[in-house]
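S.K.: Single-letter residue listing:
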Amino acid sequence: MTGYIIRRLIAVPFMLLGISFILFMLLYVRPGSAAFAVVGSVMTDPEAQARFEEKFGLNDPWYEQYGTWLWNLVSTGSFGDRLTPPQDSVTGKLIEALPNTIEIGLLTIVIAAIFGISVGVLSAIRRNSVLDYITRGVTIAGLSIPNFWIALLLVTLPAGWWGWSPFAFEWTSFTQDPFRNLYYAVWPAMVLALASAAGTARLVRTSMLEVFYSDYVRTARSKGLRERSVVWSHVFRNSLIPVITLIGLQTGAVLGGVVLAELIFGIPGLGRLTYDAVIAQDYPLVLGSIMIFSLVFILVTLAVDILYTVVDPRIRY
Amino acid sequence: MSQEATAPAPPSEAALALEYAIPPRQRFNPLRWVRREPFGAFGLLLIIIVAVGAAFAPLLFTTDPQQFGTGPPLSGPCLGCSSGDMEHRAWNETVEWREHRLFGTTPRGRDLWSRVLYGGRVSLKIGVATVLVGTLAGTVIALLSAYAGGVVDFAVGRLADMIIAIPGILLALTLHTAIGSDLPDLPGLSSGEFTLVLAISAFFLPGTYRIMRGMVLELREAQYVESAQVVGASNFRIMWRHIAPNMFGLMIVITSISLPAAILTEASLSFLGLGVERGTPSWGADLSGDSRQFFTQGWWLAIFPGLALSMTVFGFNIFGDSLRDTLDPRLRGRI
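Just so you know, the sequences run in chain order D and A.
Every position in the first sequence, counted from 1, becomes a number in this note's numbering once 682 is added.
Every position in the second sequence, counted from 1, becomes a number in this note's numbering once 15 is added.
This is chain D alone, in the form it adopts within the complex (with noise of 0.2 Å):
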C-alpha cells in the first residue's frame, strides 16, 4: 500500500512535465503568434517589438524556449513572467486565484455530495415509488439543464426583476470576510453541484439496488437484522465505491464548470485567469494555471484511489 502510494507520488512529477510539454508545444509552436498578438496591439515600434522579444526569448528555438521555462520552474518555482502588462510573475497571479477556485470546488464538491447521497438512499429504499419517479426525473433534468444557463439566469433575473441580487457586492476572500465570501461562494457551488449531485443521486440509487439484491443482504435480513441497519452497515457500505469513483471522476468535470461560473458570476479565481489569458494570447500565464488545473486533478485522483482501500479493504493495491 505505502508503496502503491510511493509509485503513484512519484509519477506525478513525470505527468506534470509531459502535461507541459504537451501544452507548450500548442500554445508556442503556432508561428508567430505570441509576440505579434501581444505588441502589435500595444505598440507598433518594431523596435520595441525587437526589444519584447529579446526580454522574452521569444525568438529562440522551442526547445530552448521550453527548456528555460523548465529550468526557471524546477530551479526557483516560477512559472515565468507574463506576456502582457504589466508583466509581473505568473507564479504570484496564481497563488492569488487559487484558494478562490479551490474553496469553489470544495464546496462544489460537499454541496453535491451531501444532496447526492441522500436523494439517492432515499429513491432507492423507496423504489418504484412516486417519490422515486419524481426523484428520477428531476435528477435527468438536473445533468441535463446547462450549468452556465442557470447561473445566467440567476445572475441576471432577480436583479432586474425584483432588484436584489446575493452579487450585489464585490468578491471578498475568504480571509478579509468569511460570512460574506460564503454567501457569495454558496451560489455558485450550488449552480455547479446540480448537475454532479444527479449523477451521483442516479449512480447511488442504481448501485444501491444492486447490493438490495445481493446474498448477504438476504442473509442478513434472514438473521433477523432490523432493515435500518441492513440498509445503512450492509448495503449503503457496499455501495459506496462506485460512488467514490464518479466523485473522482467528477473532479474533472467541476472544474471545467469552475471555469464558466467564475467568469459569469465575476470570482477572481483560476478559471477566470485562464480565460483571460488566452483571449490576451498571455501563454506563460495559460500554461501556469492550466498546470496548476492538472496538479489538482492528478492529487484528487490519488486521493480518490487510496480512498477506495478505507471504503473497501478488499481493494489492496
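Please keep in mind that the hints were generated in silico from the structure rather than gathered at the bench.
Wrong hints could be hidden among the right ones.
Which bits of chain D does chain A cover? Going by a derived footprint, with three or more residues having C-beta under 8 Å, they are [as the list claims (entries may be wrong)]:
1) 795-808
2) 973-979
Per label pair, the in silico range of CB-to-CB distance [claimed, not checked]:
3) SER205/A with TYR748/D: 51 to 57 Å
4) GLU241/A with ARG690/D: 31 to 37 Å
5) THR341/A with SER911/D: 34 to 40 Å
6) PRO199/A with ASN754/D: 34 to 40 Å
7) SER242/A with TRP753/D: 52 to 58 Å
8) PRO924/D with PHE43/A: 27 to 33 Å
To be clear about the criterion: a stretch of chain A counts as covered by chain D if any three or more of its residues have a C-beta under 8 Å from a C-beta of chain D, and this derived list gives those stretches [stated by the list, open to error]:
9) 225-233
10) 273-285
11) 310-318
The structure presented is a predicted model; accordingly, all values stated were derived computationally and were not measured.
Beta carbons: idealized from backbone N, C-alpha and C, even for Gly.
Place chain A on chain D using the hints.
M.R.: Using the frame of chain D, we list chain A on its own:
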C-alpha cells in the same frame, strides 16, 4: 392412505426439442420497446422534434436568422402581430416586419424563432461530428495500441492519463487557439466549425480510448480469436474481422452517451465567444454577450435558447441511457 408416488415421466422427445430449440430470432418490435423503455422513447421523441426542427428549418416559418430588423427590436413573442408594419432601413429600402414572431426578437430585431431552429443545426452538426471523430479515433487508437502492446501501449496509456488531467473546457480552449483559423473549409463544415470539432473531440478521445482498450483486451482472450490465430489469420485480419465488429455495440453506446456532453461543450465554448463565427445562430452564443444585457427587458432572450439546449441534451441523455440498458446492461453504472 399414502398416495402412490408417481415418478415423473421422462420428457417426450418433442418436449425436449422444444426446450432446447434455439428460439427464433425476435424481430425488433418498436411498440414493445416503447412500452418497455418509456423514458427512452420520450427521449427519442424529443430528439426527433429537435432534428426535424433543425432539418426543415426553412419550411417552418423562419427567416434568415442573421437578418436584422425582421421585427421591432426586443419585441415579445406574438402571433399575428403588427402585420404590415415596416422598418425603413435606408431611403430606398424597407423591410416588412414578420407577422408571427413566435419567440420574439433580439435587441437588434433578429427573429429568435429562426435563430433557435437554425441554432439546432449548428449544435447537432458539431455534436455529431465531434462524437464521431472522438469515438472512431479513440477506438482505432485503442485497437492499435492494445495490439501493439509493450512500450507503445504504455506510452499511449500515459498520454491518455495526461490529457484526462486537463479540464476538458480548458483543453478545448487551448486547442481552439492553437489550431487557429488555418483549417480548410470542408463540405458542410466551415473552417471555424471544423476547429471546434477537433478541439472538442480531444475531450472525448482519452475516455473512449480507455474503455475501448479494456474491451479489446477482453475480446482478445476470446476463444474465437484464439482459433483464428491457430488457423493463421494475420493480426490485421483478427483486429478488423473478429474484434472490431464486436466493439460496435459499445461504440454506439459511447457515442450516444457522449453526444449530449459534446453539445453542451459546444454551447459553452460558443457562450465564451470561442465557438462558431460571430452572428452564426448558436444556442450558446445567443445566451452570451450582446443579448445577456437585455435578459431583464426580454425574458424570451434568456429562456428559449437555453430551453432548446436543455431539451436536446435531456432527450439525448435519457435516450442514451435506455440504449445502453438495451444493448449492454452490464455497462450500467460504468459509463
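S.K.: Does the beta carbon distance between PRO924/D and PHE43/A stay inside 27 to 33 Å, or does it fall outside?
M.R.: Since the Cβ atoms of PRO924/D and PHE43/A sit about 31 Å apart, the hinted range of 27 to 33 Å holds.
S.K.: Go check the stretch 310-318 of chain A versus chain D for me, would you? Three or more residues, Cβ under 8 Å, otherwise it fails.
M.R.: Holds: 5 residues of the stretch 310-318 of chain A have a Cβ under 8 Å from chain D.
S.K.: Given that the stretch 795-808 of chain D was listed as covered by chain A, double-check it with a C-beta distance under 8 Å for 3 or more residues.
M.R.: violated (count 0)
S.K.: Report holds or violated for chain A covering the stretch 973-979 of chain D, Cβ cut-off 8 Å, minimum 3 residues.
M.R.: holds (count 3)
S.K.: State, for the Cβ atoms of SER205/A and TYR748/D, whether the hinted interval 51 to 57 Å holds or is violated.
M.R.: 33 Å, violated
S.K.: Do the Cβ positions of PRO199/A and ASN754/D conform to the proposed distance bound of 34 to 40 Å?
M.R.: Given range 34 to 40 Å: holds, Cβ gap about 38 Å.
S.K.: Has the stretch 273-285 of chain A got at least three residues whose CB is nearer than 8 Å to a CB belonging to chain D?
M.R.: It holds: at least three residues are needed, and the stretch 273-285 of chain A offers 4 whose Cβ sits within less than 8 Å of chain D.
S.K.: Please test the hint of 34 to 40 Å on the beta carbon pair from THR341/A and SER911/D.
M.R.: 37 Å, holds
S.K.: Verify the coverage statement for the stretch 225-233 of chain A against chain D, using a C-beta to C-beta distance below 8 Å and requiring 3 or more qualifying residues.
M.R.: violated (count 0)
S.K.: The hint says 31 to 37 Å between GLU241/A and ARG690/D; measuring C-beta to C-beta, is that right?
M.R.: Given a distance of about 35 Å, which is inside 31 to 37 Å, the answer is holds.
S.K.: Is the distance from the Cβ of SER242/A to the Cβ of TRP753/D consistent with 52 to 58 Å?
M.R.: Since the Cβ atoms of SER242/A and TRP753/D sit about 56 Å apart, the hinted range of 52 to 58 Å holds.
Of the numbered hints listed earlier, those contradicted by the structure are 1, 3, 9.
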